[in-house]
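Participant: Given two chains presented individually in distinct reference frames, assemble the corresponding complex, making use of the accompanying hints.
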Amino acid sequence: MASLFPASRASAMARRGVHPLHGLLLAVPVTLFPAALLADITYLNSAEMQWSNIAAWAITFALLCGGLALLWGLVDALRRRGTLLSPLLLALAWGVGLVNAFHHSRDAWSSVGTAGLLLSLISSGAAVAAGWIAFGGGLGRREMAR
Amino acid sequence: MSRARLPLAALALLAGCGGQPTDVRQTGPNPQLPAQNQTLVPPMKIARPEAWGDSRPTVPAGFAITPVATGLKVPRQMLVLPNGDLLVAEGKGGHAPKLRPKDVIAGYIKSLGTTSVKGGDRITLLRDADGDGRPELQTVFLDGLDAPYGLALVGNDLFVAEQGALKRFAYTPGATRIAQPGWEVTKLPSRVNHHWTKSLAASADGSKLYVGIGSNSNVGERGLEVEEDRAVVWEIDRATGAHRAIATGIRNPTALAINPGTGRLWSVVNERDELGARLVPDYLTEVRDGAFYGWPYSYWGQNVDPRVRPQRPDMVAKATVPDYALGSHVAALGLSFATGGGWGGPFTEGAFVGEHGSWNRQDLAGYKVTWIPFRGGRPAGQPRDLVTGFIGPDGKARGRPVGVLYDAPRRALFIADDLSNTIWRVTPANRTASRAAPPRG
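Line by line, the protein sequences give chains W and S. Going by the working numbering, the residue at position 146 of the first sequence is 131; the numbering climbs one at a time, nothing skipped. When you read off a place in the second sequence, starting at 1, and then add 16, the result is the number in the working numbering.
In short, the hints are calculated from the structure, not lab data. Fair warning: there could be bad hints in the mix.
[Unchecked claim] If we take Cβ atoms under 8 Å as the criterion, some of the chain W residues that face chain S in the derived model are:
| hint | residue |
| --- | --- |
| 1 | 27 |
| 2 | 32 |
| 3 | 41 |
| 4 | 64 |
| 5 | 84 |
| 6 | 87 |
| 7 | 90 |
| 8 | 92 |
| 9 | 95 |
Predicted model, so just to flag it, every value in this text is computed and none were measured. Even for Gly, the Cβ is constructed at its ideal location relative to N, Cα and C.
Isolated chain S, as found in the complex (with noise of 0.2 Å):
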């Protein structure tokens, strides 16, 4: 009779899987690192989405949150302009074919969590010319593009990076809208694209472009010819369009800026999924040239992830520690650096993370933007919680944060919100027009 009871033990332990684990530093130089746990089922844990509704996101004392644009179609990178308009990439996008059940299944969950609305493959312009948070403006950009993700303006070029090309537009300053077709750049390569998001950013004397290039599985599970070309960042020469790797094994690059600090490159990294709620983190990293950082065969410098094979200890040897560790799952999604002095006192040197949101472990992560506290160019000391909230009281997420922005001359920081298509702007209160204000006639 014990057979018979063979599934019902079967499903038992599958209910066993995806306890708690007890908690450990994630965050800063050295995180600790757990053993390897890869469960039978992946832990799962969606937070359902809600409207906000009169809450908001909620943000320190001394500081004042207001949504400054909503009906968006799945915003996520921005980029202010000379004149401060601010641009906003709304996309969607990747074409990653279902290769086994477990595709098919873990995408309908993780649907669960996202929004309905389609990718609107545009850029929208929100004009705010007086400041005060509510633009006097919102209007279609550019439109027809490819799921369009990073932005980068170098002189009157703004540059986009589509999932499978980046394009180069004719910007006059002023304009409201680009109806001119743009010019391509190079193509980038967009075979599977299971990490679609092309981040973008230009080096500080614009003669380069950075693009980062997302992995095409979470650890090689579509075979490894796949990953040509994946798991990069290219440096683009902006006037031939020549590329060339200058990082390779960078799981998901989702984010670049240059640091106001020194001038390099750096990148906010999604790391793999399925070795345990507290593996492995994501991390915030200088992108060195010539570095090689783990993915697939290895993370956080010489831990071997026993799922590549074949397994390749010459690469493990190779593979470089990221700088700074953000936590395991919190999806970093946005990063941008404060210039200009930031908001003064302990927001004047570091870099703003946003910070999308974890499905693979049972107690959520991410679901915020953080501030790294940086001196001379290196972060220095723990990440502080500096906008949360977007999951509310009832455990339902509001909002998920993706790119952030900080905008110097208007001292204020700029979050595209992806499940609620909203952008919210945080300004110190004194400076921001109290939301009682009567509309503007």
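Bound conformation, chain W alone (with noise of 0.2 Å):
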């Protein structure tokens, strides 16, 4: 982890900040992923469909943002001006946020049950460390990155 993560890239890109339309489209997947879980939540404890269609709506445009955000990263990482653990955070979201999105276009129960909730908790998990990570937080150390 630490080559993945060492502090002296990690203050120097918290000193650099993340680039706004970057930080726009990460923050996406790092709200609407948790709200598809509270909606999945909401689906399971109600079986009012709307709840679930809500979910897959934010599923679905988590993904077109976290695509994007994900690329971002990627780049950034490759070009060494960022960590590679938040874009690494962010694909993972973003591969289960998929098949979460496929799971969801099943019909009433079965867009979510068991299964749909467990894929969102992941996502939405995942997705907001990656946020965390990306947005300077690190992983105990922001007081060093400040």
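Facilitator: Shown next as structure tokens:
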């Protein structure tokens, strides 16, 4: 892990900051994957289809903007302007999110169920962690990064 | 690094879906029902359209098939008038909102397998007075309609089931056009109209009209509130317009007809998708008064559908098993009984079924007209492929059968094809005019 996240590079990244457009794109999966998770929980508690529909749209837009943010993050990492850990976490969120998008296209209860909830949980956690690191949070190294 | 491969793994998983199941018998009174198989992506296979050119649908030896009308605007169901004129309802209805990304994507994919012609919202009249299979007249009989589908004539009252209302028109024998506006017998459930087609039949004595009203979803994914008054067959009093549901849980009763052997109402019904390529068989059944046919809670009797919540074991317990399975995803849209002795021989007693064809399986199903033999008013024996060749040797679709209609006085079977927008006519070969005959001047 250390090689993925050298302190020197993290602090350099934090000093420079994330490009505003990259940040805006990244903010979409960071917010919409958890939004889908909350909608899934509400669906499982209510069986109201609209909550599953909301989750499906949230996942779709998280994938659209998250895909662009992922490309941006990978290019930055390759050009040694940023950490690789954040794009890797975002890739995890994106891949699980893609499976979840198809899962949410099944009908009625099968659109969520236990599997959909777990997929939403994984992509939410991974996306939030990716955002935390990209925005300079680090892994307990926030003080150092500042 | 395994994390980085996850999207690839996901794609590989998707590509792995939709394999060929081993085949099982799914026609007749006791279809085999394999285990449910819900895949991540529903297997979709669309036969892309291709023109007929010089090719024709295939009929058994001793029969001939000719197009009697072309250039129609999405022909669906038909009616023969007492003077032999043929009416064809043309239209395309439904106004279901796209509620989620799937609706957008699946709607686009399915549109690749249908005609690009806009529905006519009209009824066309074909007059073939000399019965040679080449109508002298093809004219607009009634227009300004709203997705007309089911047709019935009682006395001189023509009933048209639009997607939102049952209308009555005064018919004058021999007329080639109705200009007078119709009278609304009753409104029909039209909210959403996911399954918009309103099938129609008159009772044997003409006093009652039956309207088939399809469900508003595959299996409740639009919410169960919009399913009120859906997946039912209504019995409507012809005089007052009062209605009651005689059958419920009947997912999509796309065609209704009176069995001439018993005088009772029968229907072809389209069952649910996305439980696997071999689930759930569409069916042909007598519509029993008071029966609940399971949708959405269960299928073919007590086979519970896990996608519906809250589940209703009380409703599952009540579900009636249909009479006769037609096969999974064949999309039966047409039903007509042979009357007056039919074509004789094996085609004396039985029903013609038009099968529009599947999208929810990799091996195409349907795309043909089948014959279901009956004995003593009940199905007896396996279906027989009657008209095939709607899928060409290149795997592309030339046509898709919808309504079928047996015209006893002319011993002709008419087939509405809503892909090539054609009406086909099948007759015993010795009774039809040769296609090579010179056009009458």
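Participant: Does each hint hold? Answer for all of them.
Facilitator: Hint-by-hint comparison with the structure:
| no. | hint | result |
| --- | --- | --- |
| 1 | 27 | violated, 14 Å |
| 2 | 32 | holds, 4 Å |
| 3 | 41 | holds, 4 Å |
| 4 | 64 | violated, 18 Å |
| 5 | 84 | holds, 5 Å |
| 6 | 87 | holds, 5 Å |
| 7 | 90 | holds, 4 Å |
| 8 | 92 | holds, 4 Å |
| 9 | 95 | holds, 5 Å |
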